[in-house]
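So the sequence lines, in the order shown, correspond to chains A and B.
Residue 36 in this note's numbering sits at position 36 of the first sequence, with consecutive numbering throughout.
Residue 1146 in this note's numbering sits at position 146 of the second sequence, with consecutive numbering throughout.
What the hints contain is simulated information worked out from the structure, not anything from laboratory work.
There could be a bad hint or two in this list.
Some, not all, of what chain B presents toward chain A, calculated at C-beta under 7 angstroms [to be verified]:
no., residue
1, Gly1119
2, Ser1121
3, His1125
4, Val1129
5, Arg1152
6, Gly1338
Using N, Cα and C, we set each Cβ at its ideal position, and we do this for glycine too.
The primary structure of each chain is shown beneath.
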Amino acid sequence: MTQIEIGRLLRAGTTGFITGCSVSQFEAPSFGALVRAPLGGQHQVYGLIYDIHIDDDGLVRQLVTADNVSAEVMRDNRERRIVPVEMSVLAVGYEQDGRIYHLLPPRPPLSLDVIYLCDDKDIARFTEKFGYFRHILNSKETPVGELVAAHIQQASLAHDKESEKWKDAATREVITLLRDDYPTLMSVLGALSDVSG
Amino acid sequence: MAINFQQVREKIHQIGAGAAQRQKLLEERRADARALLRVHADAQDALQERVDAAREVDAGLRCATPLNEKLDSSIPPPTLPEQATLIAADGSQITPDRHEQIQFGLVNVGGIIMRLNSGESTLIHTDSVLMYDLELFRNGVPLSDGMVALERDLQERSQLAELAKDYDAPVVTFTDGPIELWGAREGEEAKAYYESLEKYKGVLSRLQSRGVITAGYVDKPASDLVVRLLEVVKAAPEDMQDIRNYHPLLGVTDRWLFGDKKEPLLEPGHRSAVFSIQSKSEKNYPGVLALHFFYLNAGGEEKNPHIARVEIPRWVVDDPAMLGMLHAVLVDQCRIMGAKPYPYLLHRAHETAVVSNEEKYQVEQMLVQELRRNGADVEDGSYKQSAKDLSGRTGYKP
């Protein structure tokens, strides 16, 4: 399992958690990415990044009024100052004793737990079935259409030769789940068509 | 209600009623000061003679003394050097408090290094010196706020010297506040002050011997050294006899003189002439360590001047290349901060050094636990402090 650490947990609940990292680490994670938080033993929580938030502070607000910002100042601010990037993660399942469950985790990760980006093998294993879609589609806080589209695009790549087949199956599943919610379905299909295009 | 607003309001009305009169008087004094500056702009030798005469009467006279540049000079910054190492240091402190559970002191100094045009990130150093038990006394005298601040100032400059030794010239170093070491020169704390002063001069000498440029940056300065010089110039022979109490330009500030919003003497980024500081402590900084200063308009806009005083030692004054480089670096550092100019690295050094209340509490708890683990008695905090810490409707606590 490839270990790409993207940050540590700031705060958490059963349905999701917030992870923080300094800006210099801010290269690997992206919107829609599948991440995991090992809980110890054979347990880990899986989630999708649905918001990436960068806070300002007094100094940053002042620096933007300057005519230009040198490379040294830019790096000082990004690498030496405590201005964390916050990533909001929607919990979509968990792993226990080697088995994947598309259910909410029995308990959330704890403060400062390390959060890892899932590699292709993790993604392919977690997305074999589509049970976790309901967490995304039922979520009130996430931009559902955009998140589904970003996730399907990224996850399909992890399925290698089965990529297109997986993408078609995932799209059909979304249509089935949203058959009674026309506005959301249109929003999701609109986003998916942008990805496909 | 904590304040008697009836009483305060009455006073505020009185202040308001006298505002126009005061403003008129201030304008007259300002015009006088500006005229004196223009008339005597080129009379450096005569001014020096006046200062010497005033010093005969008042040995404690504190004012500016011109060198060879015109008093009303406005000197633009040279081009910023391609390569230079900039180092800033700032400190903060915890003063021992007998009302707390345990008495300790701490001096925390943050240093930050930036290499111009390197594309590299900054390097940050923090030195935290914890003081406990006998270290809370100097020559048998308990450490006061002033003595801890003195220790902080010494540590700031020491850190600059320590960090600077790893870099090739040119190296530009600066701290916030005057370069002159402040402390009680009389009374029971005097011995500690003079001991620190000797160490401080040693640090300055090390910086000088390595060819390091060093400065103290005083933002929004309150001292009116040049206005005081003009008062000395204005004094008639009979006024000279009581020069200490002769203040015909009271209320006029150096900041106004050089940075009047309507007609600033210094253009954006320009510096004033360099002056030496005539003061009682002059003898403490002999030769190349002698204290000098110039004013800098750190503002970037024509009608929005922002005047800072930059204190420098003689060895920087004597080398035009050093002086110019310091000037250019400070202007560039201030520009980084945009609308509210202040040297960027000084702000970062401050961010590095500042000790929060939470950190103070953590250190206190670590100390208490360690002492208890080793069988030492630890007292409770005072009841006075305990009462102050109560939440509820209380008065303003500075």
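Right, here's what the structure says about each hint:
1. The restraint placing Gly1119 (chain B) at the interface with chain A holds, with a minimum CB-CB distance near 5 angstroms, inside the 7 angstroms limit.
2. Of the supplied interface hints, the one on Ser1121 (chain B) holds, with its beta-carbon coming within about 4 angstroms of a beta-carbon of chain A, less than 7 angstroms.
3. With a cut of 7 angstroms, the hint placing His1125 (chain B) at the interface with chain A is violated, because the nearest CB-to-CB distance is about 12 angstroms.
4. About 22 angstroms separates the beta-carbon of Val1129 (chain B) from the nearest beta-carbon of chain A, more than 7 angstroms, and the hint is not met.
5. With a least beta-carbon distance of about 22 angstroms to chain A, the hint placing Arg1152 (chain B) at the interface is violated under the 7 angstroms criterion.
6. Evaluation of the Gly1338 (chain B) hint against chain A yields a held restraint, the C-beta minimum of about 3 angstroms falling below 7 angstroms.
Consistency with the previously given hints fails for numbers 3, 4, 5, ordered from lowest to highest.
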